[in-house]
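Asks: Sequence:
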Amino acid sequence: MYRKYFENKGLIDCRVGYSGGSSDSPDYKTVCSDTTGHAEVLQISFNPDQVTLNELLDFFFRMHDPTTLNQQGPDTGSQYRSVVFTHNEEQSRVAREVRDRIQKEFYPNHKIVTDIVPISVFWDAEDYHQLYLSKNPTGYACPSHFLRTKPQL
Numbered sequence: 020m021y022r023k024y025f026e027n028k029g030l031i032d033c034r035v036g037y038s039g040g041s042s043d044s045p046d047y048k049t050v051c052s053d054t055t056g057h058a059e060v061l062q063i064s065f066n067p068d069q070v071t072l073n074e075l076l077d078f079f080f081r082m083h084d085p086t087t088l089n090q091q092g093p094d095t096g097s098q099y100r101s102v103v104f105t106h107n108e109e110q111s112r113v114a115r116e117v118r119d120r121i122q123k124e125f126y127p128n129h130k131i132v133t134d135i136v137p138i139s140v141f142w143d144a145e146d147y148h149q150l151y152l153s154k155n156p157t158g159y160a161c162p163s164h165f166l167r168t169k170p171q172l
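For our numbering, count along the sequence shown from 1 and bump the result up by 19.
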């Protein structure tokens, strides 16, 4: 979704992978076993002169359900948890501000459970996961991933 939405708007690259766990060389099979502690994640490189971290995080919080614990649509397990991995305190601050704003504007009656934590290591997912929907246009896409609009009061 990021590639499509931010194409020609400052997105440099996106890589899917794993982070936040204990294994030194996670792969899809072990991450899905729910024993490594890793989350399935997207690493984004962007040009801050064209798109801000605030905009990217706003999109993140609006394109998935940040109120479900260890679940995205029908997919369950800790690898599907909602998490933002940050590289420094400034990114953490921005992530908390965006989360708190989205909480008030979009989910006043449901608590956002997204973790905001410093990243330790990012592991690339296997090649067949990279650009998955480009390679498999009719492949699986989580039905709960769509850009939410602000609820009407």
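Derived by calculation from the structure, the hints in this document are not laboratory data.
Owing to the predicted nature of the structure, the values given are computational and were not obtained by experimental measurement.
From the three backbone atoms N, C-alpha and C, an ideal C-beta is built for every residue, glycine too.
Among these hints, one or two may not hold up.
[Claimed, not checked] Result set (DSSO-like, lysine-lysine): computed pairs, CA atoms no more than 27 Å apart in a straight line:
#: 1; residue 1: K130; residue 2: K154
#: 2; residue 1: K23; residue 2: K154
#: 3; residue 1: K169; residue 2: K23
#: 4; residue 1: K154; residue 2: K123
#: 5; residue 1: K48; residue 2: K154
#: 6; residue 1: K169; residue 2: K28
[Unchecked claim] Have a look at the derived ranges for each label pair, beta carbon to beta carbon:
#: 7; residue 1: E124; residue 2: S52; range: 34 to 42 Å
#: 8; residue 1: G29; residue 2: F141; range: 30 to 38 Å
#: 9; residue 1: Y21; residue 2: K123; range: 20 to 28 Å
Asks: All hints are to be evaluated individually against the structure, with a verdict given for each.
Replies: Hints, verified against the model:
Between K130 and K154 the CA atoms are separated by roughly 36 Å; this puts the pair beyond 27 Å, and the hint is violated. Under the criterion of a C-alpha separation no larger than 27 Å, the hint pairing K23 with K154 is consistent with the structure, at around 14 Å. Taking the CA atoms of K169 and K23, the gap is near 21 Å; set against the 27 Å cutoff, the hint holds. Of the pairs offered as hints, the one joining K154 and K123 is violated, with about 38 Å between alpha carbons and a cut-off of 27 Å exceeded.
For the proposed pair K48 and K154, the alpha carbon gap of about 20 Å is at most 27 Å, so the pair holds. With a CA separation close to 22 Å, the supplied pair K169 and K28 stays within the 27 Å bound. A beta carbon spacing of about 37 Å between E124 and S52 agrees with the range 34 to 42 Å that was offered as a hint. Between G29 and F141 the beta carbons are some 20 Å apart, a value that contradicts the proposed interval 30 to 38 Å.
Checked against the hint of 20 to 28 Å, the pair Y21 and K123 passes, with Cβ atoms roughly 24 Å apart.
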